[in-house]
Amino acid sequence: MKTVAVVGASLAGLFAARSLRKQGYDGRLVVIGEETQRPYDRPPLSKEFLTGKVDEDELALEADGEDLDAEWVLGTRAVGLETRERAIRLADDRAVHADGVVIATGAAARRLPGSDGLPGVHVLRTLDDARGLRDDLTRGGRLVVVGGGFVGAEVASTAAVMGLDVTFVVAGPTPLAGPLGPEMAAAVSELHADHGVRLVCGVGVRGVSGKGASPAVVLDDGRSLPADIVVVGIGANPCTDWLEGSGVALDNGGVRCGADGITSVPGVVAVGDCAAWYDPAFGTHRRVEHWTGAKERPAVAVAALLSGGTAPSGPPRPHYFWSDQYGVKIQVAGHAARADSVTVEDGSPADRSFLAVYRRAGEPVAVLGVDRTKLFTRWRRQLATAAAQGGTA
Amino acid sequence: MIPACRLADIPRGESYRLETDPPVAVFHTEDGEVYAIDDTCTHQDASLSDGWLEGCEVECPLHASKFNLRTGTVDAPPARLPVRTHQVLIEDGTVYVALSDAPPNLPPSCVAARLTAGGVA
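Chains as they are written, first to last, in my numbering: chain A, 34 to 426; chain B, 474 to 594.
Check the hints yourself; a few may be wrong.
[Claimed, not checked] Straight-line alpha carbon distances no greater than 30 Å define the calculated DSS-like cross-link-like pairs of lysine-lysine that follow:
hint	chain 1	residue 1	chain 2	residue 2
1	B	K539	A	K362
2	A	K80	B	K539
3	A	K55	A	K86
4	A	K362	A	K407
5	A	K407	A	K80
6	A	K244	B	K539
Simulated from the structure, these hints should not be mistaken for laboratory data.
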């Protein structure tokens, strides 16, 4: 391979570029990114970056003096992939020819229809988004957070600690019901009430009205919640529009790929939030939007790309993700969604410090730690060992 | 030299946290080596002795930064600054640590917490 192009310059793209060099690829390496910034870390954008505790320099993912001998094409979007000519078309009409392509274009925040451009209404995905939100939060006032995922829960937490008046609107029974399961999600969501956040669950959002100077969130039941700031955290869509007509197969919008990242087109692999990897534990292709997956999977995909798909790929580590809310460390490993039971094995939800194990047919498939770091690490290792021995956690 | 613990108190693959200021983590690797590094991750306030020890690397229990136990260097982000390494001596079954006199790379949150608490960062 003479040229490899990595399309996407965030965590997964950077780790793909690093893996290429680490695995001995010494040809031309081009990294294409829509944003103008060098790779930066997104998790702090909903937390320490908003409070000002972490600044932009501290978000950089590249080490000081790190040189991957790559050409960085930043500030321009990929708009097409010509698989026959092996060329990536860019929004500024340039084209990058490459023998190997790593698709790492990530995902974009979903928006509420009609809310674009309303003053005080934010989504949170990019550094630009975070700068705008930070400026508004610094002014204080009433914040309404829409959406019960990690972005919503963390922004609610950060803003409450900053002293804003926070209402958190969740369509489901409780925030984080998907990733934690309803029972443990309910226990963890007590943190919001503990810190004076009003939790409004089980009601959808009709839209945001922007009459007058400040926005209001209009609920399905007709209620209207006046706000100074609104944060919409209702998930993200994979950035795969540019692959339309390329022959790269998609699966529910994500790039469909095998357990090694190989797509339907030879010489093209996919990593990160845009990739729907085959997941043996579920027997389906799934997009998993976790930071650790975006960091760990590129090494596997790059090995497959460089070997033409003949590199053996071991069983992946169990999924791992974390969230920091109100100074409490919430950590999850494995797949809570596969469990048929969950039990608290240490500590107590009432103390907001506990460890819970999720099981399926008696076998551990996931673990949740709430301010139980050491014990959690032990369980996470056990799940990894079980997975390496052919289990399915 | 500070006596940290008995070597027998740290099985291979385990760690011991020495409550100095800042605290120090002593690791006993699967290969039988003993290393001491600063216990606080340079990225955020997390205890590396709670982390995942694999070979000669420890992974931060929170955000998965990896540090080399021999050199203290960052093997995987989000951390960007190295941890200090401390000299280890084992005598008569006791682990002794000679603290580095280099300034520690404490995370910003940690420094901020100390400042608000009125302490000296």
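Going through the hints against the structure:
Restraint check for B/K539 and A/K362: satisfied, since their Cα atoms lie roughly 19 Å apart, inside the 30 Å limit. Restraint check for A/K80 and B/K539: the C-alpha separation of about 22 Å stays at or below 30 Å, so the hint holds. Proximity of A/K55 to A/K86 is assessed by CA-CA distance (about 33 Å); at most 30 Å being required, the pair is judged violated. Between the alpha carbons of A/K362 and A/K407 the distance comes to roughly 12 Å, so the proposed pair stays at or under 30 Å and holds.
Note on A/K407 and A/K80: the hinted pairing holds, with a Cα-Cα distance of about 23 Å set against a maximum of 30 Å. For the hint pairing A/K244 with B/K539, the CA-to-CA distance comes to about 50 Å; that exceeds 30 Å, so the pair is violated.
The structure fails to meet hints 3, 6 from the earlier list, while all remaining hints are met.
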